[in-house]
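Sequence lines, in order, name chains A and B.
FYI, the numbering for the first sequence is 1 to 73, going by the numbering used here.
FYI, the numbering for the second sequence is 1 to 481, going by the numbering used here.
The set of hints was computed from the structure by calculation and includes no laboratory data.
Cβ-Cβ distance ranges computed for the label pairs, FRET-style:
id : chain 1 : residue 1 : chain 2 : residue 2 : range
1  : B       : K300      : A       : P67       : 50 to 60 Å
2  : B       : P386      : A       : P67       : 48 to 58 Å
3  : B       : H101      : A       : L52       : 28 to 38 Å
4  : B       : G41       : A       : A48       : 16 to 26 Å
5  : A       : P24       : B       : P221      : 17 to 27 Å
6  : B       : A218      : A       : L45       : 20 to 30 Å
7  : A       : Q66       : B       : G41       : 18 to 28 Å
8  : B       : N222      : A       : K3        : 41 to 51 Å
9  : A       : K62       : B       : G195      : 27 to 37 Å
Positions of the beta carbon are idealized from the N, C-alpha and C atoms, including for glycine.
Read off the chains here:
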Amino acid sequence: MQKGTKYALLFGAVPFITLVLALPFINRVEPFILGLPFVLFWIILWVALTPLALFGAYQCEKKFNQPESEDEE
Amino acid sequence: MNLALIIIFSVIFLSAVLGVFAGRGKKMDLEMWTVGGRRFGVILIWLLMAGEVYTTFAFLGASGWAYSKGAPAFYILIYCTLAYTVSFFILPVIWRLGKKHNLHTQPDFFIHRYDSRYLGVFVAVVGVIFTIPYLQLQLKGLGSIVTEASNRTIGFNTAVVIAFLLTVAFVLTSGIRGSAWVSVIKDILMLLAVGVVGLGVPHIYFGSIGGMFRALLAQHPNHLTFPGATTNMDTLWVMSTVLLTGAGFYMWPSIFATAFSAKSAETIKRNAIIMPLYQLPVLLVLLVGFTALLVIPGLKDGDFAFLSLVNKTYPPWFMGIVGAAGAVTAMVPASILVLFASTLIAKNVYQTGFNPRASEQSVVRLSRFMVIVIMAASLVFAIWLPNALVDLLLIGYNGVSQFCPGVVLGLFWRRINAQAVFSGMIAGLSLVLLLHRHDPFWGMNLGFVALVVNFMVTVFISWLRPAPKRAARFDSESAQL
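I would like the entire structure built from these sequences, with the hints used as guidance.
Put into C-alpha cells, the structure is as follows:
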C-alpha cells in the first residue's frame, strides 16, 4: 500500500469513528445547540465535516502517491 | 383543471422532453446507453448520483420515519455519508478496471475479476430480483404523491401510467444521459420544496426549530434519542444499520454502474468529497416529520406526514410544486433502475449465460425491449398487487449488500476466488431470507449479521483453497488502490 493511501485511510476513518463508534456516547438531547438536540447536532456536524476529511484524504493521495497516468483523459 | 394539476403535468412533460433531448445526436450503442460513453464530468456524475440517492423515500419515507419512529430516522443522514466515504476509496479502482476492460455493469465486474460466467449470471439475477420491488416502490410513491398533491383530482392509476410512459420514452431515447439531465429539474424542485417546507413549518407553528424540538420533547420525551418511539431500534441497531447500508449502497447494480459513466477516476473522487453535503437537506425533511407529529398527530400512515402537513399549511399551487417535485423524484430513480435491470438481463443473463456470441446490437435491442417489459411488470405490481413484493423490498438492502465481500475483497485481495465469493453470498442471502422475520437480530440489523457471516465464509474458503498460481485477472493497479 502506498504511503498516501495509508494517510488517506486515516482521514477516511473519521466519519466511521464520529458517526458510528461515537453513537453510544452522544445519545442524548441536552445541551441544545443551534436549536438542535445534541444527538442531531452531532450527526449534522460530522456529516458536514466529512467532505473536509475526504478532501484531506484526497490531498494525501495527491501528495504521496505515484500519479496514475490513465486518470487523465 | 386546478392549478396544482397544471403545475404537476407541465413539470412531468417538461422533464420527459428534456430527457428525450438529452440523447439527441448521440449514437445509442451499449456504451452510450448504459454508461453515457464514459464522458460524464463532476456535474453530471453528481446529478446522476443525487438522482439515485433522493428517491421518493427522501420525501415520504424520511419524514414518515421521523414522524412514527423518531431518532432511528437519523440513520438516513449517516449511512449515505459512510457510503460516499467508502466510494472515495473503491469507485476509482472500479472505474479504472471498467475503462481498461470495457465493463458496463456490476456482473461484468464479477465476470472479469473472477473469470466466471456463472458468478456473473448469478449476480445479475439476484440484482434484478432486488431491483424490481424498488422500481415498484417508486411508481407507488409517485402515484400516492400525485394523487394527494392534486387533491385526488388525478387518480392513482392515471398518474402511474402517465409517468410510466414518459419515463420509458426518455430511457429508450437517451439511456443514462436522459436520467442525468432530468435530474437537473428534479434537484431544483426538490431543494425548493424541501427548503421552503423544512424551514417554514417549524417557524410557522412554533416560532423556531428549537421551539419545535422543545415542544416535541414536552409531549414525547423519548422521541429524539435512540430507540425513539420504537422498542427494537436502539443504538446498536443504528450502528449496525448504517454500517450495513453504508456498505450496501454502492452494491445496488444501478449505483455501482454509475462509476463507469465518469470520465476519469479524478471525477469520481471529487464527487465523493462533495456528496455528503447533499445529505444535509434530509435534515429539513426530518424537521417536517417532527413538526407533523405535533401539528397533525394520529396519522395512520406516517409516510403521508409530509404531504398532509403541506396540504394543511400552504396554498394549492404550492402543493402542485411539491407534487411535481415528488413525481420527478420518482421518475429519475425509476429510469435508472429500469435501465440497469434491463441491461443486466440482456447482457449478463442472455448474452453471458445463454448466447455469448450475441452481437452488441442484439444486446441493445433486447435491453430496450426489457425496459418496456420490466416497467410494465412493475406497473402491474404497483396497481394490482401492491403488497406482493413487500417482503422483497424490506430485505432489498440486506440482499444487495451481500455483493460487498465479492467487490471489496476482489479489488484488494489477490487470493479470493469465485467459489469463495459464491459460497459467501449464498450464506449471506440464506440468512437474510430465512431470518427476515427476526429482524432486528440480537438488537442488530439482520443484514449486518448476514454480511459478517458472508465475509467470514468468503475469507475462510479463499484460504482453504490453494492460492491461484497466477491471478491473471487481478490487475496490479488494484492492489495499489
